[in-house]
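Asks: Spelled out from the first residue to the last, the chains are:
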Amino acid sequence: MSISAPRYASAPTERLGRTDRALAIVRQQFLNQSTGATWAVVALTYIAVILTDALYVLLASFVGQATSATFEFAYESPVLPFLLLIVATVVGAGCIAQDLGSRSIVLFLSRPIKTLDYLGAKMAATGSWILIATVGPGIVVVVIEAALGTVSASVALSAAFGFLATGLLATIFFTGLVVALSSLTTRPLYAGVATFGLVLSLYIGVGVVAGITGNSIVRYADPITNVRSVAQAAFGVSGAHPTDPVASAIILLVGGACLAALAAWRLSRVEVVAE
Amino acid sequence: MTGIVDAEGVTKGYGEVLGLNGFSATFPPGITGLVGPNGAGKSTFFRLLAGQLRVDAGTLTLLGHPAWGQGEFRRRVGYCPENAALFDWMSGEDFVTTLLRVDGFPRAEARERAGRAIATVGLTEDRLRRLRTYSKGMRQRIKLAQCIAHEPDLILLDEPLNGVDPVGRATLSELLRKLKADGHHIIVSSHVLYEIERLTEQIVMISNGRVIAQGDIHRIRDLIDARPHVIEIDCPNPRDLARYIGAWDHIASIEFSGERRLRVLTRSPEALYSALPELVIARGVSVTALRSVDDNLDAVFRYLSEGAR
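Residue numbers (my numbering), protein chains in the order written: chain A, 1 to 275; chain B, 276 to 584.
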């Protein structure tokens with residue numbers, strides 16, 4: 001067989017950089033996650049948080065002076081933490097598992113894009129949805145209360161900061177968690193069950209163990225307790241917190257980063273095999 | 276090795292099952308067909324080339340780069356997977372545009388290129404429809420569109436004609452020939468052998484994860500001339516003809532396959548082709564037609580894969 005040197009059809013052309021290429025995946029993933037189920041849980045989160053928190057702050061303003069700590073009720077009640085968990089599960093469980101299961105991941109990774117860019121894009125899209133669901137309703141509550149005049153502008157600003165700071169930390173952790181679990185399977189259902197089951201198990205299990213042993217250290221193992229502790233500090237709630245807020249914040253941040261690293265490690269080794 | 280794609284002793288297993296087993300081949304410029312039955316290892320080879328799988332042993336390079344992993348060289352490669360899912364919630368145009376954006380094209384250029392590629396595969400009228408409404412053939416064509424839209428140097432097509440209707444097949448075959456004429460290099464797989472035969476004479480034949488033959492289809496045929504080669508001869512009087520040619524050394528058997536037809540197995544078709552005209556002239560035997568019934572890819576493949584077992 002005669003072999004000649006390769007002759008290429010076109011000269012290399014200037015292309016956009018990694019950020020622009022990753023943004024294309026962010027857009028694609030955000031649209032993919034924009035399903036009826038996502039909108040339903042996000043809407044449910046808004047309705048539930050606005051109704052309970054706004055009403056609570058309103059009632060508090062009748063019996064005394066509502067402060068920024070009053071707004072923390074959204075995190076103190078089961079409403080926001082568990083809706084946050086549901087949103088993360090619904091939005092994020094399929095973000096990588098779906099691509100692996102359908103093998104559509106090859107459409108991305110056979111292109112000039114790094115695995116880290118792909119992962120970053122998936123996390124950005126998933127995190128955006130979680131952030132919308134965690135910070136958004138709280139900000140709406142603050143705006144409503146400020147508009148009604150039940151709180152002063154400074155209290156409103158302080159409460160908005162509380163929602164933003166807590167929401168960001170919670171988003172980082174839960175995004176890392178759900179994306180890492182999604183990268184470990186080809187079935188979104190498994191990733192969803194694992195996310196929901198793990199967080200719920202830790203919440204119940206840690207509560208029981210801490211109650212029996214009286215050892216509050218174990219509470220750091222519960223993401224929801226950590227989020228609540230951070231929320232209490234961010235909203236300026238006085239008194240003893242279930243855990244040290246700074247330590248909890250670090251755990252949420254480092255935990256989210258470690259989970260993202262796990263997903264990156266997994267993706268760097270993943271082979272797409274037909275089922 | 277200086278091919279577009281070079282494979283040297285590539286082995287890839289899935290647990291205890293070997294997808295490729297010491298696969299060695301050089302894919303030259305132009306169109307090369309990778310042919311073999313289902314389960315031979317064709318898709319495994321394409322997945323290795325696309326960076327989806329990592330070789331267990333051996334080396335595999337495309338355009339001079341190791342196949343495993345991502346890199347800027349991938350912008351020079353277009354890949355049309357056999358059965359990867361598409362983004363069903365997107366329109367055909369959005370699908371191709373999105374992947375061009377991932378390739379690094381600015382939005383306007385990506386849209387323009389997507390439009391051109393979609394027109395090339397004949398889906399312009401359906402470009403705004405959601406992919407979930409596309410037929411199997413249309414899905415194949417939109418996958419091909421995303422594969423060629425960025426004008427890659429090397430195009431990897433894993434069973435691209437699977438599910439495409441006859442008219443679509445002819446159109447796509449013509450497109451591939453045009454891409455080759457434009458300087459693109461193409462590796463295309465199929466288990467429907469006549470499709471490959473119509474596209475290129477340059478083939479790599481694979482069976483049970485190994486290359487069983489590589490090169491020009493006619494040269495491959497030469498390699499197996501030791502095996503009986505079937506030639507059918509139409510003539511008014513087959514018994515007379517059989518009496519004469521039955522005396523030749525290279526004739527393995529003669530079969531009367533019709534009132535006016537002989538089916539001859541010869542170990543040397545060239546000898547038969549050269550001797551038959553002399554016989555016709557010398558003995559006045561009439562021959563109305565002569566054809567090699569197995570000088571096609573299907574027959575060659577059967578012979579070679581039987582030999583590889």
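Misleading hints may appear alongside valid ones.
Said to hold, decoys possible - Calculated lysine to any residue pairs in the SDA-like style (CA-CA distance at most 25 Å, straight line):
| no. | chain 1 | residue 1 | chain 2 | residue 2 |
| --- | --- | --- | --- | --- |
| 1 | A | K114 | B | R382 |
| 2 | B | K411 | A | R187 |
| 3 | B | K411 | A | L184 |
| 4 | A | K114 | B | K411 |
| 5 | A | K114 | B | R351 |
| 6 | A | K114 | B | G346 |
| 7 | A | K114 | B | E384 |
| 8 | B | K411 | A | R103 |
| 9 | A | K114 | B | R542 |
| 10 | A | K114 | B | N358 |
Source of the hints: derived by calculation from the structure; they are not laboratory data.
Computed from a predicted structure; not experimentally measured.
Asks: Each hint: holds or not?
Replies: Each hint tested on the structure:
1. A threshold of 25 Å between alpha carbons decides the hint, and for K114 of chain A with R382 of chain B the separation of about 20 Å falls inside it, so the pair holds.
2. Of the pairs offered as hints, the one joining K411 of chain B and R187 of chain A holds, with about 24 Å between alpha carbons and a cut-off of 25 Å not exceeded.
3. Using a Cα cut-off of 25 Å, the hinted pair K411 of chain B and L184 of chain A is violated, with the two alpha carbons roughly 30 Å apart.
4. This hinted pair does not check out: K114 of chain A and K411 of chain B have alpha carbons roughly 30 Å apart, beyond 25 Å.
5. Using a Cα cut-off of 25 Å, the hinted pair K114 of chain A and R351 of chain B holds, with the two alpha carbons roughly 15 Å apart.
6. At most 25 Å may separate the alpha-carbon atoms for a hinted pair to count; K114 of chain A and G346 of chain B meet this at roughly 7 Å.
7. Only pairs whose Cα atoms come within 25 Å are accepted, and K114 of chain A paired with E384 of chain B is accepted, the gap being roughly 22 Å.
8. Distance restraint check for K411 of chain B and R103 of chain A: the Cα-Cα separation of roughly 17 Å lies within the 25 Å cut-off, and the hinted pair is therefore satisfied.
9. Our distance criterion of 25 Å between C-alpha atoms is broken by K114 of chain A and R542 of chain B, whose separation comes to about 55 Å.
10. Only pairs whose Cα atoms come within 25 Å are accepted, and K114 of chain A paired with N358 of chain B is accepted, the gap being roughly 23 Å.
Checked against the numbered hints given earlier, this structure breaks hints 3, 4, 9; the rest are met.
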